[in-house]
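Colleague: Residues per chain, in single letters:
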Amino acid sequence: MEPQVLEREEPKILQQYKFPNTYTLTKNLAEQALKKYRHPRLRLIITRPAVVTSTQKFPFKGWTDSIAAGGAVIYTLGMGISSRDLSYPNVLNCTVPCDYVVNGILVSTAHAAALPEPQFKLYHLCPSGVSDYKQS
Amino acid sequence: MRKRVTDEVQVILNTAASINFDDPIREALQINYFGARRILDLAHECKNIIALHHVSTAFANTNTPNNAVIPEDVMPSVIGENWE
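Just so you know, the protein sequences line up as chains A and B, in that order.
Residue 399 is where the first sequence starts when you use this note's numbering, and the numbers rise one by one after that.
Residue -17 is where the second sequence starts when you use this note's numbering, and the numbers rise one by one after that.
Honestly, I wouldn't trust all of these hints.
[Unchecked claim] Below are the EDC-like pairs computed for lysine to aspartate or glutamate, each with C-alpha atoms no more than 20 Å apart in a straight line:
#1 A:416 x B:5
#2 A:434 x B:27
#3 A:455 x A:400
#4 A:433 x B:23
#5 A:519 x B:55
#6 B:-15 x B:27
#7 A:519 x B:23
#8 A:416 x B:4
#9 A:434 x B:23
#10 B:29 x B:-10
#11 A:410 x A:400
#12 A:433 x A:515
#13 A:433 x B:54
#14 A:434 x B:5
#15 A:519 x B:5
#16 A:434 x B:-11
#17 A:434 x A:515
#18 B:29 x B:-11
#19 A:410 x B:27
#20 A:433 x B:55
#21 A:410 x B:4
#22 B:29 x A:515
#23 A:410 x B:9
#24 A:433 x B:27
#25 A:416 x A:405
Worth flagging that the hints you see were computed from the coordinates, not collected in a lab.
One chain only, chain A, in its complex shape (with noise of 0.2 Å):
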């Protein structure tokens, strides 16, 4: 497809395919891909994380590096620079502190290297209920 087109359709395309957005779009065709041209003898795992936010322990309480998604709206209210953050009442935001994830990622590698035969794992690190929080 010409790159013209595909910019002129990519409303279109999200509106069908009812993603909110390309990225949720892409990183789903993402791991359709691994999933679908994995190599028999490659083990493979894909994590799936929430809402990433700063650290909960390791190595130090809140530690972050970056004020991207998440961080942004926690940030900005946090520091006073917003103080109301408009969003549907009855979504909930679920995330998950960054140490978690980290965590997550190493123990599920280590956990399929371990395993006498390859194969292709796929992990949640989302909260159940925990730290679910209503944005309003």
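With chain A fixed as given, assemble chain B onto it according to the hints.
Modeller: Relative to chain A, chain B alone:
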């Protein structure tokens, strides 16, 4: 350099992605999709590879209906197998 990587690397952790959610679809595809494909090719080239880890996102299946349970597995393709 590439030879050294393919000779020595045993584990690959791919955490790279563009988290600019509204990138033009071309850039998002290049980074998030073709980036992952290239890493997979690299992993297949590595002689001593043990594991490849790819970090996706919990929101990779946001096209499913509200309150749907998302299993810990790759969902069937919504776009079809031969969209490329």
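Colleague: Check each numbered hint against the structure and report the violated ones by number, ascending.
Modeller: 3, 14, 15, 16 and 19
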